[in-house]
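Chemist: With the hints as a guide, bring both chains together as one complex.
Top to bottom, those sequences are chains A and B.
Quick note: the first sequence uses our numbering, first residue 2, plus one each step.
Quick note: the second sequence uses our numbering, first residue 351, plus one each step.
Going by beta-carbon spacing under 7 Å, a handful of chain A positions derived as facing chain B: (1) ALA5; (2) PRO6; (3) ARG9; (4) ILE10; (5) ILE11; (6) PRO18; (7) ARG21; (8) PHE24; (9) VAL30; (10) ARG118.
Simulated from the structure, these hints should not be mistaken for lab results.
If you're wondering where the values come from, they're calculated on a predicted model, not measured in any experiment.
Note that CB positions come from ideal geometry on N, CA and C, so glycine has one too.
One letter stands for each residue in the lines below.
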Amino acid sequence: MSGAPPPRIILDEAPGPARRLDFGWDQAVAPAAPPSGRGWSSLALAAAGAGVLILGFALLDAANFVAAQFARGTAPGLVTLAVAAAGFGLLGVALLREARGYLALRGVDRARAAHARGDVAALRREIAAWAERLPPGRVSLGALDEMPMDALSALVEAKLLAPLAQEAAALGRAAALQAFAVTAVSPSPGLDAAIFAWRGVRLVRQVAALHGLRPGLAGTLALLKRVAVDAGAVAATDVAVDAVVRGLLSSPLAEHVAGEAAAAAVAARRMILLARAADEACRILPRPR
Amino acid sequence: MDPLALLRGVLGTAEDAARALIGRERLRLAVTGLSRAGKTVFLTSLIANLLAAGRGARTLPALSEAAGGRIRRVFVVPADTETVPRFDPEAHLAALAADPPRWPERTEDFSTLAIALDVQRRTSLGGLLPERRVTLDLIDYPGEWLLDLPLLGTGYAAWSAETLARLERGSRAAAAAAFLDFVKGLPPEAPAEDALARRGYALYRDALRACRDTHGLRFLQPGRFLNPGPRGEAPLLWFFPLPATARGGLAALCARRYAAYLEDQRATFLDPFFTRFHRQVVLVDVLGALHAGQEAFEDTAEALAAIAGVISGATRVERLLGAAPTRVAFAATKADHVPSRARDALAALLAHLAQGARGRAEASGAATAFHALAAIRCTEDAVATLEGQNVAAVRGVLLQEGRAATIYPGEVPMRPPDPAFWQAGFFRMPEFRPPRLDPSGAAGVPHLGLDALLAWLFGDAL
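Only chain B is shown next, with the shape it has when bound in the complex (with noise of 0.2 Å):
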């Protein structure tokens, strides 16, 4: 750690304190997930369904029960800042009740939203006494951009050699057999050219969006390859890994500017917004890995691993000063993919997808639990007959077609399964359209399980 974030530290928790004192608590929650894991839709329901129990209306029973039935209001607060764009709950929401309604696009940029929660004192003077107020701080971001995060501590070298390793196996290396030519034909003294740097990074770049668009893997680092964000395809983005024995001018370009993209992603994405953590959610499309085949099921489980290691796997001053997460919740979204007596099951499993996160958290001190919710809930139970056997579904309307159907979702373990079980190959689990919504959200928006996920989190804390 070194002085200047140790610094940083001592000050957020004398601020903390301080905030604590006089009832003015800020708990700053990490929602973190891999690409598509549904982070946008996540903060979405959780501030409409906030704001209406704010106005008394009964959306997160398990989080109010939690709170002693002691929230009084619930208020999105100012920005406090002007440079990071304000997540828009409205304008997702008007979305997702328009007709036809969009899921919101694949998410490009940072934004941000402070909820606050004011509830009535614990005491049995608590009437009387002012009521505490609870910052929620919230942040949005491109997933891809998390799995930067392991990369913190990696130099280019080591990190080539993985790449390299990890682009030879299974179906990756389908995906990457173009950019593995270009590697391989590159002579050992490539000299220092722009035009191979670009070309090396356009076919890196479109080797691992195939590995993530046609085979549903994840772990794919560097993030800004497949999500540049604003600032678009900068030079900053053009290296590549390139093997231990290229020693020229070109593998030494590749080097800087992998330094400097780190440092980059340090300075503008880790260091602002991923340094101290009260609480952590960690979502995860579980079922969207299951269904992508063994190789993507176990890929997502090793990026967990990855990312939980650096976010939760705080060191001893970092607990001491306040700044890991004191409970990490794990969630497998789109559980109303699902049907109901199946859900338990997809938690479990998500149990040992995520056992190595697990292990960091708690081994950094962290409270860790497992969850199954849809921040929105598209679906309703239903039964299909398969074969001549009834088997338990749900039933949507599809977001393209407009017609209702029945999906069966096939068998979700309740652990890893063996290897007969993916023999049954690849299935894309169809997009539904939202059921009907306020678009003004003063009823919140139907979930299932968030209310329960909310109250572990940080029910304590209200």
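Pulled out of the complex, with its shape left as it was, chain A reads as follows (with noise of 0.2 Å):
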């Protein structure tokens, strides 16, 4: 073979059969973390500090409170105490429920990234505790062990997900009859704006409660933030029909027939909008394409 040597195997000297080869190729693919975006920001910081002024002095004041209540006797001592221990405690409900309905909406977070990188095993896990948050008089979604990742995706999309986005958008279509009502009726278009923004919020909200989140101050402020993210995208589709939509209602002449009522079925179809935007942030799986 000119000159070089003849094709050969020469096999090792150890006896037994041999460990496959391994690349290290898991680890050399996996993807490149994001970034942690764990740190506070400035406007964050300065809120806890402000937060933990406030309750951290609000508590040493009522317990000098209480204390000096005491020195003037036992019975308005326990008197001061339980007002105190009432008000705080509720006070620390609220805050519990705050965390509570803002950590559900992380828990949608971790489900997509299971479902993204294919662990089944993390995204059962997820599925079986956010379908306990649901509401009740929803169906069951039975046992999910060893099902593979397609047929559970299919499975949680066909018994909840879709049924869900109906209702959400049945509530869409109910919050577009009342914003186009409000807003065809109203007198200001300053008031308009303000109907159509706490109508918008709520809505928002009724979405996220029928996907088992109860979001309060918090929690709607991070919903509301995803949802403007996601209706960029759900949005994006219907810029084209919009605009046609608004050419169409704004013309003159159908300005001439609806008066007012153009703006307001602009105002109205953005709340179906809206709900559509407000199930995809809170859908636990992705859409199915």
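Modeler: Printed below as a string of structure tokens:
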């Protein structure tokens, strides 16, 4: 073979089966870790500081006041303690509820991440936890053990997410009707905007409740942020349609016929879009293609 | 081009245009290769690595770069045809990851799979607009059947003359001795006896099998004689080549069955799957051909040219209708069987081997490229000491024995070797165990050069 030695196989001297090669492929191709983003922003630090100061000094003041009352006598001391405990207890419950509402949203992120990286065990856990949080009256998912990823996703979609999307759409239509009626008859554009914003926030919270998320104030703010992001994606397909609707309804003829109803129709259409975006933001699995 | 095909072409072109308009392109990728070229493993690796890339894993860096990092999701599309089996990458991957591992069996039937890539648009407003979806249509089939394509334009008499002449040359003559004796012993006026037709068929089929399995030859027709597929050895196959002197009923029977066979292959295999392609990859086991000797090497080149002449050799009308592939990639498979420094030589040798095929593809307006790839990498580079000198080799675990071994695959020339090269004789490259794999395919499978091939093949369409 032109000077070169002929091909040959040289068996290793070590007897017995050899281990399969391992190129460390799994580690080599692992997705780049996203920036952790766990650092607090300056605004969050300032808000936390203000919260600690207000709550801390309020607690200290209350404790001093209770101690002073006890110095005056046992009865006024006990009454003051009861009032302080009740007030701070209610405040604590409210904070706890806020935290739970906010953390429930994180569950959606965790489930989606598990779905994206193909971790079926983690997805099963997240889905089971999410199904327990759903309002009563929903169908049960049944045993999820040993179910592969695609079957699990299809089952959750068919049994829960598709009906939820329909109900979210129904909520959107109801809100749209109200927005249409209110903005058509309201006396000032400023009031229109206020009503629209209030109804929009309420709609988002209603859709979140459908998905087992009961967001408090912090949860609602986080949810609105997500909805704004998802609305970009959802509304993108509707940009053209929206422009046409606006063009048609804002045309001199339509204005003549419908008057203010033209703007109201656009507002109503946005409500339907908002319901879809909220559903998109809350669903535990990405929408099937 | 018959009017019906023209109409189908026009409809196909209209569909392509409409899909492009709404950002839902469909890309038909022809994965062609002779038998044992590695089509099934290529498809399994392609699907597993694309799906993993869709989940963010960096399994196909060159493709990701070609797409500008805009691939958002990759998923298998539900089949829109119920009659063709679905290609099952999960089962193939599970078999490869099992202990002991199994390579896919010889493909005996069609299977298809469509895989969709959601990609962000290229424009600066791409983030706001809906994503484009490019669907890749893939098909797996027995490689032997591919050689029925060139038969479509050949009549029985011409095919018989060519085949008998070829059977009398080189190592074919020994493999087909029994068949040739049988044919020579037949009287010219042999009657249309099914027993004779069947006997001739069996002898001819055995000759083809010996040519393939013992001598590493590939230009063996008809394809279903070697791989009858799910319908088995139906009477449709009971024919064989006869010399021009044969004029009796048997010759007429064989000619009739030859025509019926081609019609059946056209209706079930070629027309539904091989008439309209956008991109094509031709897989060639160059190393196997090189190790099998000069005759097998030249035979592979001839088979490649014959196939490419049909698939890529589009007419002007077909090109106008977009029915011809615009990119044809030739890939030398099993590149992990040679050390990394020899892989360029492998691709260069393929360029010479597929010169005829390349010429046909370029003549019909397609761009061509040559690659060396291992759909599943099973070896690592090593150094062996032979006759006192260090040579580059590869190291892997043998499939059957389970023992580790260092393999020196010999010199890989960059151009067709001179006669002295072939004196080394036949060398059969052993099969290797695949490396440790995740049966779920979450991280794809290790490969060599698959990403560069895919980036060239359809990176521009993303």
